[in-house]
Amino acid sequence: MKIFELMAVFFRVGVLGETAYRANFYIQIFETGLNLATALAAVAVVFSQTDSLGGWQPFELTALIGIYFMVLGGINLVVAPSLQRFMEHIVTGNLDYTLTKPADAQLLVSIAEFRVFRLVDVVLGAGVLGTSLTVHAVEVGWLVVAQFTAAILAGAVIVYCFWLILATMAFWFVRVENILQIFWSMYTAGRWPIGIYPKWLRWMLTLVVPVAFAVTVPAEAVSGRLDGDALVGAAALATALALFSRWFWRKGLAHYSGASA
Amino acid sequence: MRHWLETYRAFLRIAVLEQLQYRASGAIWMIGSVLEPVVFLVVWSTVARSQGGAVAGFTAQTFAAYYIVLMMVNHLTFTWVMHDFQFRVQMGQLSFALLRPVHPIHEDVAANVAYKLVMLTVMMPALVVLWYAFEPEFALAAWSTATFVPALLLAFLLRFLAEWTLALATFWMTRVTAMNQIYFSLQMFLAGRVAPIALLPAWLGDLAHGLPFYYMVGFPVELLLGKISADAALDGLMAQLVWVAVMAALIALVWRRAVARFSAVGS
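Chains A and B, in that order, are what the protein sequence lines are.
Heads up: the first sequence begins at 51 in the working numbering, then just goes up one per residue.
Heads up: the second sequence begins at -12 in the working numbering, then just goes up one per residue.
No wet-lab data here; the hints were simulated from the structure.
Predicted, not measured: the structure shown is a model, and the values here were computed from it.
Be aware that a few hints might be false.
Under the rule of at most 25 Å between Cα atoms (straight-line distance), these lysine to any residue pairs were calculated in the SDA-like manner [stated by the list, open to error]: (1) Lys249(A) - Met111(B); (2) Lys249(A) - Leu117(B); (3) Lys103(B) - Asp71(B); (4) Lys103(B) - Ala84(B); (5) Lys151(A) - Lys249(A); (6) Lys249(A) - Phe121(B); (7) Lys249(A) - Ile18(B); (8) Lys249(A) - Ser102(A); (9) Lys249(A) - Ala280(A); (10) Lys103(B) - Trp234(A); (11) Lys249(A) - Val21(B); (12) Lys249(A) - Val116(B); (13) Lys249(A) - Met110(B).
All chains should be built: construct the whole structure from the sequences, respecting the hints.
If you want it as structure tokens, here you go:
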């Protein structure tokens, strides 16, 4: 399993790089904590006026926010920084060095940079998710665990492929960072179950920016409201996107001619 | 006076031309400004419907009016100086601004106004689309519409001066993201962006009226929608004036010390 060996190596490099700036760790805890508190406070304000939002109970919504932060942490841990660096390397021509290495280039550019302190988001998000479920003494059966695992894996693959497709566009267009900003703007809509949004926005959050599959579907799995179709749909989309993004990556790579002087 | 008009005309012209160059990325930045009020509008109208049509006097249609106006007020008053200042100070770009015979805040005001003008070409279509999608219900009164204009101008001035003052913290601190985030979190709640102030717990509502945030966004929005009595409107305008004076005094006080601390390394 060369993939995991390589990931472990890059992860270790990330740890070495980041632990040199230990104050950042505490700043990260503070910032993530504040963000989480803001999101939870907004939920509290909403539920001070109602008992359920579009059929979601308070603890189900806090569980959703936990998942939102876990996914956010995952993206910021490795996907976003690595692919951002990759796009810079296309412009500077440094990608040449990656291509000479004896491993798959897509793998190398996708795991090149680990921001290990972003694990704080994942841990705190998981904490909120766990607390939401235990406080309400929710019986989590094996089926729910299996569904949640499948949903979050599919969501992770979909989000990664989405980022890879956008980043691959950098082979043709130089200024893709702006397009990535669309993702960040729209991702915040995932703090609420997408079922409450009007149809046009729901479609955008499902197909244009895959927030639905990344956050809402796993949250539905946890609260036991997931129907099989959504899970099958997520798995199908994950497979299709994985194949397409791989094909698109190869196309882009064939188009690359190096930019060194 | 003439001198100032000419200065601002020059700054505005440069800034508009610059914004037109980056219009695509500028438009992408607007997505967040449109989406945030839409999200809260949807959340609150869902709540209103589940509570038999209204919460705290707001129906789905009046929430739509509130958030559509809020979107415009927020667009017209927001600034990005707190993000920018860190780079200016740490990269030494401020040196150029300091060489000019005008206070650098004027260039920032002009750049802000220019961006808003150019981006109205994005905001106006968004306004029309949201209008049709959410069918807001307005009851405009002549006096509140008339007082809305000065209230909006004061809100812009207040938010600009407050954020410019806070941005000066980068002269003393290397990492200001944590401080900025506290400010933005407070503003989300106390300016009326998460919910109209009337829907917040009473103690938070009182806090909002005692701090400047509400007067940057929520106050002009509620004024236009006729949610505020004439007396309260007058009090609000007075509060805006007082806070603007406080912020202006703070800038005058802090700026001199900040510049004295500043040193750039040339190359």
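For each hint, the structure was consulted:
no.: 1; hint: Lys249(A) - Met111(B); verdict: 22 Å, holds
no.: 2; hint: Lys249(A) - Leu117(B); verdict: 14 Å, holds
no.: 3; hint: Lys103(B) - Asp71(B); verdict: 17 Å, holds
no.: 4; hint: Lys103(B) - Ala84(B); verdict: 22 Å, holds
no.: 5; hint: Lys151(A) - Lys249(A); verdict: 47 Å, violated
no.: 6; hint: Lys249(A) - Phe121(B); verdict: 12 Å, holds
no.: 7; hint: Lys249(A) - Ile18(B); verdict: 18 Å, holds
no.: 8; hint: Lys249(A) - Ser102(A); verdict: 20 Å, holds
no.: 9; hint: Lys249(A) - Ala280(A); verdict: 17 Å, holds
no.: 10; hint: Lys103(B) - Trp234(A); verdict: 21 Å, holds
no.: 11; hint: Lys249(A) - Val21(B); verdict: 17 Å, holds
no.: 12; hint: Lys249(A) - Val116(B); verdict: 14 Å, holds
no.: 13; hint: Lys249(A) - Met110(B); verdict: 21 Å, holds
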